[in-house]
Amino acid sequence: MLKIDKEACIGCGICEDTCTFSAIEVVDGVAVVGDNCTLCGNCVDVCEVGALSIDKVEKKVVADLADWTGVWVYAEFRDGRVAPVAFELLGAGRKLADQLGVPLSAVLLGSGLDNNAQDLVAYGADKVYQIDDPALTHFTDDAYANVFEDLIREHKPEIVLAGATAIGRSFIPRLATMLATGLTADCTALAIREEDGALMQTRPAFGGNIMATIECSTSRPQMATVRPLVLKPNGRDDSRQGEIVKVTPDPARLLSRVKVLRSVREETNEVNINEADVLVAGGRGLDSEKGFEMIRELAGLLGGATAASRAAVDSGWVPYPHQVGQTGKTVCPKVYFACGISGAVQHMVGMQSSDTIIVINRDENAPIFDVATYGVVGDVFEVLPKLISRLQDQRAGEGDN
Amino acid sequence: MKIIVCVKQVPDAKDVRLDPKTNTLAREGVESIMNPFDRHALEAAVVLKEQYGGTVTAITMGPPQAEETLRDAVACGADEGVLVSDRAFAGADTWATSYTLAKAVEKLGEFDLILCGKQAIDGDTAQVGPGLAQRLDIPYVAYARKITECVDGVIRLERLMDDGYDEIEMGMPALMTVVKEINEPRVPSLKGKMKAKKMQATVLTAADIGADPECLGLQGSTTQVVKVFSPQFSAERCMLTGTVDEQVDQLLVKLEELL
Numbered sequence: 485m486l487k488i489d490k491e492a493c494i495g496c497g498i499c500e501d502t503c504t505f506s507a508i509e510v511v512d513g514v515a516v517v518g519d520n521c522t523l524c525g526n527c528v529d530v531c532e533v534g535a536l537s538i539d540k541v542e543k544k545v546v547a548d549l550a551d552w553t554g555v556w557v558y559a560e561f562r563d564g565r566v567a568p569v570a571f572e573l574l575g576a577g578r579k580l581a582d583q584l585g586v587p588l589s590a591v592l593l594g595s596g597l598d599n600n601a602q603d604l605v606a607y608g609a610d611k612v613y614q615i616d617d618p619a620l621t622h623f624t625d626d627a628y629a630n631v632f633e634d635l636i637r638e639h640k641p642e643i644v645l646a647g648a649t650a651i652g653r654s655f656i657p658r659l660a661t662m663l664a665t666g667l668t669a670d671c672t673a674l675a676i677r678e679e680d681g682a683l684m685q686t687r688p689a690f691g692g693n694i695m696a697t698i699e700c701s702t703s704r705p706q707m708a709t710v711r712p713l714v715l716k717p718n719g720r721d722d723s724r725q726g727e728i729v730k731v732t733p734d735p736a737r738l739l740s741r742v743k744v745l746r747s748v749r750e751e752t753n754e755v756n757i758n759e760a761d762v763l764v765a766g767g768r769g770l771d772s773e774k775g776f777e778m779i780r781e782l783a784g785l786l787g788g789a790t791a792a793s794r795a796a797v798d799s800g801w802v803p804y805p806h807q808v809g810q811t812g813k814t815v816c817p818k819v820y821f822a823c824g825i826s827g828a829v830q831h832m833v834g835m836q837s838s839d840t841i842i843v844i845n846r847d848e849n850a851p852i853f854d855v856a857t858y859g860v861v862g863d864v865f866e867v868l869p870k871l872i873s874r875l876q877d878q879r880a881g882e883g884d885n
Numbered sequence: 633m634k635i636i637v638c639v640k641q642v643p644d645a646k647d648v649r650l651d652p653k654t655n656t657l658a659r660e661g662v663e664s665i666m667n668p669f670d671r672h673a674l675e676a677a678v679v680l681k682e683q684y685g686g687t688v689t690a691i692t693m694g695p696p697q698a699e700e701t702l703r704d705a706v707a708c709g710a711d712e713g714v715l716v717s718d719r720a721f722a723g724a725d726t727w728a729t730s731y732t733l734a735k736a737v738e739k740l741g742e743f744d745l746i747l748c749g750k751q752a753i754d755g756d757t758a759q760v761g762p763g764l765a766q767r768l769d770i771p772y773v774a775y776a777r778k779i780t781e782c783v784d785g786v787i788r789l790e791r792l793m794d795d796g797y798d799e800i801e802m803g804m805p806a807l808m809t810v811v812k813e814i815n816e817p818r819v820p821s822l823k824g825k826m827k828a829k830k831m832q833a834t835v836l837t838a839a840d841i842g843a844d845p846e847c848l849g850l851q852g853s854t855t856q857v858v859k860v861f862s863p864q865f866s867a868e869r870c871m872l873t874g875t876v877d878e879q880v881d882q883l884l885v886k887l888e889e890l891l
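Note that the protein sequences, when read in sequence, are chains A and B.
Plus 484 on top of the position in the first sequence (first one is 1) and you've got this note's numbering.
Plus 632 on top of the position in the second sequence (first one is 1) and you've got this note's numbering.
Keep in mind the hints are simulated off the structure, nothing from the lab.
Check before you lean on any hint, since a few could be wrong.
[As the list claims (entries may be wrong)] PhoX-like cross-link-like pairs, simulated, lysine-lysine; straight-line CA separation at most 25 Å:
hint: 1; chain 1: A; residue 1: K579; chain 2: A; residue 2: K487
hint: 2; chain 1: A; residue 1: K611; chain 2: A; residue 2: K716
hint: 3; chain 1: B; residue 1: K812; chain 2: B; residue 2: K825
hint: 4; chain 1: B; residue 1: K681; chain 2: B; residue 2: K859
hint: 5; chain 1: B; residue 1: K812; chain 2: A; residue 2: K774
hint: 6; chain 1: B; residue 1: K681; chain 2: B; residue 2: K823
hint: 7; chain 1: B; residue 1: K886; chain 2: B; residue 2: K823
hint: 8; chain 1: B; residue 1: K681; chain 2: A; residue 2: K743
hint: 9; chain 1: B; residue 1: K681; chain 2: B; residue 2: K830
hint: 10; chain 1: B; residue 1: K823; chain 2: A; residue 2: K743
hint: 11; chain 1: B; residue 1: K830; chain 2: B; residue 2: K778
hint: 12; chain 1: A; residue 1: K743; chain 2: A; residue 2: K640
hint: 13; chain 1: A; residue 1: K716; chain 2: A; residue 2: K870
hint: 14; chain 1: B; residue 1: K886; chain 2: B; residue 2: K634
hint: 15; chain 1: B; residue 1: K739; chain 2: B; residue 2: K859
hint: 16; chain 1: A; residue 1: K716; chain 2: A; residue 2: K579
hint: 17; chain 1: B; residue 1: K830; chain 2: A; residue 2: K743
hint: 18; chain 1: A; residue 1: K611; chain 2: A; residue 2: K730
hint: 19; chain 1: A; residue 1: K487; chain 2: B; residue 2: K859
hint: 20; chain 1: A; residue 1: K870; chain 2: A; residue 2: K774
hint: 21; chain 1: B; residue 1: K859; chain 2: B; residue 2: K634
hint: 22; chain 1: A; residue 1: K818; chain 2: A; residue 2: K743
hint: 23; chain 1: B; residue 1: K634; chain 2: A; residue 2: K743
hint: 24; chain 1: B; residue 1: K859; chain 2: A; residue 2: K579
hint: 25; chain 1: A; residue 1: K774; chain 2: A; residue 2: K813
hint: 26; chain 1: A; residue 1: K818; chain 2: B; residue 2: K886
hint: 27; chain 1: A; residue 1: K813; chain 2: B; residue 2: K827
hint: 28; chain 1: B; residue 1: K634; chain 2: B; residue 2: K681
hint: 29; chain 1: B; residue 1: K886; chain 2: A; residue 2: K870
hint: 30; chain 1: A; residue 1: K813; chain 2: B; residue 2: K778
hint: 31; chain 1: B; residue 1: K735; chain 2: B; residue 2: K823
hint: 32; chain 1: B; residue 1: K634; chain 2: B; residue 2: K830
[Said to hold, decoys possible] Pulled from the structure, derived: some chain A residues nowhere near chain B, Cβ distances all over 12 Å:
hint: 33; residue: D519
hint: 34; residue: G525
hint: 35; residue: G575
hint: 36; residue: Q602
hint: 37; residue: A606
hint: 38; residue: M684
hint: 39; residue: A708
hint: 40; residue: R741
Note that the Cβ used here is the ideal one computed from N, Cα and C, for glycine as well.
Extracted from the complex, chain B is given alone in its bound form (with noise of 0.2 Å):
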């Protein structure tokens, strides 16, 4: 079976902050990691390869220091690593990155099975996955939080709802998004590490996955900014003052008016 999963490279959300003074996100000392939906996605990919065989192929569309979640990800069972990777792709919306990887899922040949994680944390858009699936037509499913079995080419699974889950069953190849609920990522393994170190990713360039440029990155997109701005949050703000047990006395005098 041959696996591809969507990884993309993100900022550590716990650590980025919003300067007040000058606004501006303070990235100093961010580390970049890989999205933590798509370490499920990778888990449940390695999974099914040891159960049914076959490869995984980890695809991330990014800068070039993105290969450094390729590596991850080949240290935690994938096969290779496959880096797409152009200035032409900045500013991309969700549009344009789903046309993007889809053009370079058609270069890399046949497959059975694209896993991603639900959504990225820094965009949170969870649209990417979705709009693959449409572009290279295939049937998806969002939210997986079980795989049941993988069979004849028909896999089952199961999909998270708000209000429970349905039992699912689609012929491949597919599409799916995975929730944190479907595993446990591993941890690196030393032979992973030892492999990590020495791959190669393979990188794909616009010329390389042939694709419109018109369809690419900033002039590619269907959505634009319009502008950027910290939200004004007001309130009739009364700080409590005094010691720690005079403030605690105010609380509860508030809380008996409250409540």
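Only chain A is shown next, with the shape it has when bound in the complex (with noise of 0.2 Å):
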């Protein structure tokens, strides 16, 4: 708990000002700490007068942080094939091994692995660890959370990454809480503490309004997930040299409760919002499906594919798999409209990196207009149908020609 010595407190409000969460009052000239308080301690870093402490029972290392060393990435195998996160968490994973003068390991679980290991070096592994066995054939919790948590066990690394898939989401909770650890979803960044070498882990929090930076400081390994298109890949060296070590694993740990009966590949009719060059997006700036038809309308003129924030998918006006964001797609095309987009975080990590950035929407303090190359400040109700107009007008003298 947050705990406020009232005796040194001079009721400045400093604490107040600072509080992200608006969890502290000055009240008859002391601060007074609300249920919003989520104690991430920036009231204390600001306090002049030491009136703040965080209640912190010094908590018990549980295990020795030293014998634990090296960086492991997951390199998730489905159909024949490793995932492509895996050779973005390789490209990040080998900065950290560079940083920690550590090796960096993959871990490759599946059936009928083939050279793929060989793949994971050229991407920057030193060494990979897999376990090609027919029970691995489809994913299921308990076997591939069971497998991975020996190997952990076993050679103990420090750090362990892996992406933020379907799959990777779904057993890597399990696997932390197995090994007792702590892990951080959906990462942006990650970065190594140089004083003590710990993993500094951020991304996006309380509804992906502000970041925070996260750290697991009494327990090993260290886990992230971070979602697919996030990271760089290096790029392929096939000169690497690497170990690979094929891995028997005891055979009762590959049993699961949850049995795969089928698995589909479905082909799906979405557009892949990653590969446009042209990305529309609206936002709740158009108020209404209607209104939405617009932003479809200039993708269309542009061939390009439409995109939406959070808000206009949870409005129902255009499906989930047009959403960009942290709990969307992550982005990067050659221009990427905003239309109506307000800029929330969430949103603004997931296509801050696009070539150029045009941003329209009425509120010139809107946050979205920091990541614009170009800014409009003005309603999209009239500056979109001017701009599909004269791009009409354009087509029909393109045609006449």
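Combine both chains into one complex, guided by the hints.
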């Protein structure tokens, strides 16, 4: 709990101003903490008279942290191929491992793994632990978590990274619970703290409105999932040498209480917004499904795809596969139009690396303008119809020629 | 069949805004709602109860006002509500939360199925469901999109994957987390609302569930927040000026260059 020393408090209100959660209020010259407090500690840092403290009993350090060394990446394997996110993780993992001066290893689980381990080496792994067993043909939480747990307990890596895919988000939390260690979901940045080599895990928090940097200070391994397309893979280097360790698991650990009867691949008609050169995205400012039609029209004229903020998807104007942001997809098109999108952090982390960002919004203070290459302050209902009609004229003109 | 549904009270995400000047979350006037994914879990539980008989218990961990969410759950078909609430739970991460919920579920006695939403919209971690299953040592499936049948202690379902779906079978007791596609939640009936009004939630404190204080709240958390900040986005921004027509003209020129 946040403790306030009433004697020391001078009622200056700096803590009140600092608190992101409006959890502190100065009442009768003394700071009072409310239920919103998340114990983030920002107020403790700013208090000039040292009146605030967070009541932490020194936590027992569960593991001898120094025994744990090396960076591991889970290389998801399904249908005969390694998921692309594994290569992205190897890119990030390589930097972390180099900074720490430790090896980078990949863990490859599945059936019929062939030469895929060699690919992981080419993308940065020094070592690949692979378990190739028919029992791992289908993904089951029990078997995957069990064999991974055994590998971790035996080799004690200090960091374990995995992709935030359907599979990663399913069994990695179970694995972290088995190991009694911390896991940070959907990180957008990973870094090593210079003083002590701890993994700093940054992710959007509180509905994606702010960022939080999280550490796992008393247990190992430090675990994090990262969404696909957030990190960049290193280039392939076939001259890299690595060791491939084939592991035979304890058969009992391959048993699963969950049976996969059938695994069905569905062809989807959905456009893949990851691949479009031009994305036209709409948000709450479009007001309705009808308003959102303008987005589709503009996208059509520009030969691009339709995207949306979480607000537009939650309102039911456009289906989820079009959602850009922390809880949707991360995209990086040549041109990204943000129309009527105010710019919640959770949206911006998903599109900020687009080559050119064109923002149309009537509120000149909207945070989305912070990432704009070109900004138009104006009503989408005025600007978009004009833009659409001019483009239609152009197209018609081209047709005449 | 005894079904437990885990629900969480969350701030309505579309109302939460960061005030760029003060760098604080403007929470005033922000409504607290039942986490939307949990509503789908609740609906799935109520449908199972209607099909196979049994009871539905809604359980939540949170401050006293989270009782509102339990009331909402009862209005939508749950039979009872359990509020797991104690100051000692404050600051819990997903690890401490799954511990606390597991102790509470054990306290409630035997069950057949636990249903959770795939994730909460405030944290978006999707970790408590899998963590809870692990602590209770029961099988689980994440991202259930359809429950096919539930007979002789075995449940069959479909789980959504990135590239399709898997047909799954598992013995109960078990846990699953559900995605939106599983159903369309009902609105509360008049009878449900009446029942909700009269509902007395069972309150369980840290002492009631026999929790180890070292495993609770901030103290029991395996992750710690180092800092919270507003991200700095920066771009070489060029604001267009002039009338709307002039701005559209400029945009067309830029588009010509870019595409």
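Cross-check of the supplied hints:
A C-alpha spacing of about 40 Å is found between K579 of chain A and K487 of chain A, which places the hinted pair above 25 Å, so the restraint is violated. For the proposed pair K611 of chain A and K716 of chain A, the alpha carbon gap of about 20 Å is at most 25 Å, so the pair holds. For the hint pairing K812 of chain B with K825 of chain B, the CA-to-CA distance comes to about 24 Å; that is within 25 Å, so the pair holds. With a C-alpha separation of about 45 Å, the suggested pairing of K681 of chain B with K859 of chain B is violated against the 25 Å cut-off.
With a CA separation close to 24 Å, the supplied pair K812 of chain B and K774 of chain A stays within the 25 Å bound. At most 25 Å may separate the alpha-carbon atoms for a hinted pair to count; K681 of chain B and K823 of chain B meet this at roughly 17 Å. Between K886 of chain B and K823 of chain B the CA atoms are separated by roughly 60 Å; this puts the pair beyond 25 Å, and the hint is violated. For a cut-off of 25 Å, the pair hint linking K681 of chain B to K743 of chain A stands: about 24 Å separates their Cα positions.
With a C-alpha separation of about 21 Å, the suggested pair K681 of chain B and K830 of chain B falls inside the 25 Å cut-off, and the hint holds. Distance restraint check for K823 of chain B and K743 of chain A: the Cα-Cα separation of roughly 40 Å exceeds the 25 Å cut-off, and the hinted pair is therefore not satisfied. For the hint linking K830 of chain B to K778 of chain B, the alpha-carbon distance of about 33 Å lies beyond 25 Å, and the restraint is violated. Pair hint K743 of chain A plus K640 of chain A does not hold up; C-alpha atoms about 30 Å apart against a cutoff of 25 Å.
A distance of roughly 38 Å separates the Cα atoms of K716 of chain A and K870 of chain A; the hinted pair therefore is violated under the 25 Å criterion. Distance check on the hinted pair: K886 of chain B and K634 of chain B sit about 62 Å apart at the alpha-carbon level, beyond 25 Å; violated. In summary, the hint linking K739 of chain B to K859 of chain B is not supported, as the alpha carbons are separated by about 36 Å, beyond the 25 Å threshold. For the suggested pair K716 of chain A and K579 of chain A, the alpha carbons sit about 11 Å apart, so the restraint of at most 25 Å is met.
About 42 Å separates the Cα atoms of K830 of chain B and K743 of chain A, which puts this hinted pair outside 25 Å; it is violated. Between K611 of chain A and K730 of chain A the CA atoms are separated by roughly 11 Å; this keeps the pair inside 25 Å, and the hint holds. Simply put, K487 of chain A and K859 of chain B have alpha-carbon atoms about 19 Å apart, close enough for the 25 Å limit, and the pair holds. At most 25 Å may separate the alpha-carbon atoms for a hinted pair to count; K870 of chain A and K774 of chain A meet this at roughly 17 Å.
The straight-line distance between the Cα atoms of K859 of chain B and K634 of chain B is roughly 42 Å, outside the 25 Å bound, and the hint therefore fails. About 44 Å separates the Cα atoms of K818 of chain A and K743 of chain A, which puts this hinted pair outside 25 Å; it is violated. Between K634 of chain B and K743 of chain A the alpha-carbon distance is near 22 Å, which keeps this suggested pair within the 25 Å criterion. A distance of roughly 23 Å separates the Cα atoms of K859 of chain B and K579 of chain A; the hinted pair therefore holds under the 25 Å criterion.
Taking the CA atoms of K774 of chain A and K813 of chain A, the gap is near 24 Å; set against the 25 Å cutoff, the hint holds. For a cut-off of 25 Å, the pair hint linking K818 of chain A to K886 of chain B stands: about 13 Å separates their Cα positions. Between the alpha carbons of K813 of chain A and K827 of chain B the distance comes to roughly 41 Å, so the proposed pair goes past 25 Å and is violated. Under the criterion of a C-alpha separation no larger than 25 Å, the hint pairing K634 of chain B with K681 of chain B is consistent with the structure, at around 8 Å.
For the suggested pair K886 of chain B and K870 of chain A, the alpha carbons sit about 16 Å apart, so the restraint of at most 25 Å is met. For the proposed pair K813 of chain A and K778 of chain B, the alpha carbon gap of about 24 Å is at most 25 Å, so the pair holds. Only pairs whose Cα atoms come within 25 Å are accepted, and K735 of chain B paired with K823 of chain B is rejected, the gap being roughly 32 Å. Distance restraint check for K634 of chain B and K830 of chain B: the Cα-Cα separation of roughly 22 Å lies within the 25 Å cut-off, and the hinted pair is therefore satisfied.
Not every beta carbon of chain B lies more than 12 Å from that of D519 of chain A, the smallest distance being close to 5 Å; the non-interface claim is violated. Here G525 of chain A does not stay apart from chain B, with its beta-carbon only about 7 Å from theirs, under the 12 Å limit. The non-interface label for G575 of chain A is consistent with chain B: the shortest C-beta to C-beta separation is roughly 20 Å, beyond 12 Å. Every CB of chain B is more than 12 Å from the CB of Q602 of chain A (nearest about 24 Å), matching its label as outside the interface.
Taking the minimum C-beta to C-beta distance to chain B, about 24 Å, the non-interface status of A606 of chain A holds against the 12 Å cut. With a least beta-carbon separation of about 7 Å from chain B, M684 of chain A fails to lie farther than 12 Å from that chain, contradicting its non-interface assignment. Its closest Cβ contact with chain B, about 10 Å, brings A708 of chain A to no more than 12 Å, contrary to its assignment away from the interface. A beta-carbon of chain B comes within 12 Å of the beta-carbon of R741 of chain A; the shortest separation is about 4 Å.
Taken one by one, the earlier hints fail for this structure at numbers 1, 4, 7, 10, 11, 12, 13, 14, 15, 17, 21, 22, 27, 31, 33, 34, 38, 39 and 40, listed in ascending order.
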